[in-house]
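Q: Sequence:
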Amino acid sequence: MIRVLPQSLFGRLALVLAGGLIVAQLLSAAINFAERDRVFLWASGMQPAQRIADIVKLLDSVAAQERRRIVAILDVPPRHVSLDRAPLPEHTAGPDGPHAAMFAAVLRAALGEDRPVRIARSGPPPGGSPDLARYPAMMDGPMSMMNGQMAMPGMHRMPSGGMFVTTQVRLLDGTWVTFDSHISRQSADLPQRLLVSLAVLLAGVLLLSFVAVRWITRPLAALATAADDLGRDIRRPALPETGPVEVRRAAHAFNSMQARLVRFIDDRTRILGAMSHDLKTPLTRMRLRAELLEDDELRSRFEKDLKEMEAMVAQTLEFMRGLGGSEAAQPVDVMALLESVQADQQEMGREVAVEGHTAKPYPANASLLRRCIANLLDNAALYGKRARVVVEDGSHSLIVRILDDGPGIAQDELERVFEPFYRLESSRSRETGGTGLGLTIARNIAQTHGGDIRLRNRPEGGLEAVLELPRNEAS
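With this note's numbering, the residue at position 109 of the sequence shown is 128, and numbering never jumps.
The hints are simulated quantities; they were obtained by calculation from the structure and are not laboratory data.
Ideal Cβ placement from N, Cα and C applies to all residues, glycine included.
Don't take each hint at face value.
[Stated by the list, open to error] Label-pair ranges, simulated between beta-carbon atoms:
#, residue 1, residue 2, range
1, Leu77, Leu46, 29 to 35 angstroms
2, Glu316, Ala372, 36 to 42 angstroms
3, Glu265, Arg212, 39 to 45 angstroms
4, Arg435, Glu265, 20 to 26 angstroms
5, Arg475, Asp247, 23 to 29 angstroms
6, Asn491, Val230, 23 to 29 angstroms
7, Ala378, Ala49, 40 to 46 angstroms
8, Ser414, Asp247, 34 to 40 angstroms
9, Leu217, Pro106, 55 to 61 angstroms
10, Asn51, His271, 48 to 54 angstroms
11, Ala243, Gly292, 31 to 37 angstroms
12, Ala91, Leu46, 51 to 57 angstroms
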């Protein structure tokens, strides 16, 4: 399934803010455009109609001869005025288009409802001005307006964004005066400055929002990083308790938790160390007394039990103490470390093969990493007859696979064997010397280095232990 939403808190907050701002800007732009269109629509209809009404009133107030002289003066682009055109035929129908309706409404309001007015969509007037003559004639039918009724069928806008309208008004003495006008479509033009302003405003607010979200979420990222590092180094430096109140409280709580964990581990280690030291004396006395037994079989059993007790005490103390100590990570030649562990295993008569190579050293605690691999090899060699180590090195992780030819482990037991002191009685016994801590110690060491260990049964038989250690940019 494809993830649509961002997974990080920063990504989700940024998405919510960006989405809200974009929607708000779009609504603002829509409101501005609608208001601008309304204003321009009114202006584009009111201005030509008002001028026609003023001319009609002027012509009504002068004599016929004076009218022709005035018409000749007013007959200039972009309006053609004439007194000798035949009246348009009457036609009743609904108005077509907002500009035509606005133009007719304003003209009717200026001249009065009883003034005969006829309007038709037309092309440039005959013999019209050069400015208008470049538009093709477009006339489908007349529109008339008489006593408040008007019609303009088929009126449509010119390719240039406007329309030509022929308007005829009857003067008081019965003469028809004709106006050929061009109504502009300025309201359809995109307001570039408004768009640029909105875009700049949106970009600025988005930038500030992203900065603010990053500023807010950065302490959370630092807290998550610290929590992840805590598993590798319990004694890592404390978080700085700065920033907003909530962040300071979270940092303080984290630092307090870390301090309590350190005290708990130190106390537990001291207790177990003291117990281990105190147990050495009675164990030594018991060993000496076992040596005095005359029954060889009984003495052998006592010595076996004592060795098992000493091993359990030593490994338990090792488990509680180690795993991260104070030793700093150093570049480790993993192949050399594997060859050293291989030699140790072969000295004990175990069959171990090593394959693969590493591209570069791995930064780790060498002694702990050796213990981790040795525990896995012990497990494979003891219970799987022989072991084979396969090394795979990549840019993101270093993988060490340890394969054996043993009986494997039941599927529901693959995770339980990592629990302290957990043993599989069917495949392991006290005779092998195991205490149930080997895999637990190995996994804890892997997790201390930021990795993990997984077990899986091989299809061809046997068990595979996969030690995966992450590589960062520095390693």
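Q: Find the hints from earlier in the document that the structure breaks and name them by number, from lowest to highest.
A: 1, 4, 7, 8 and 9
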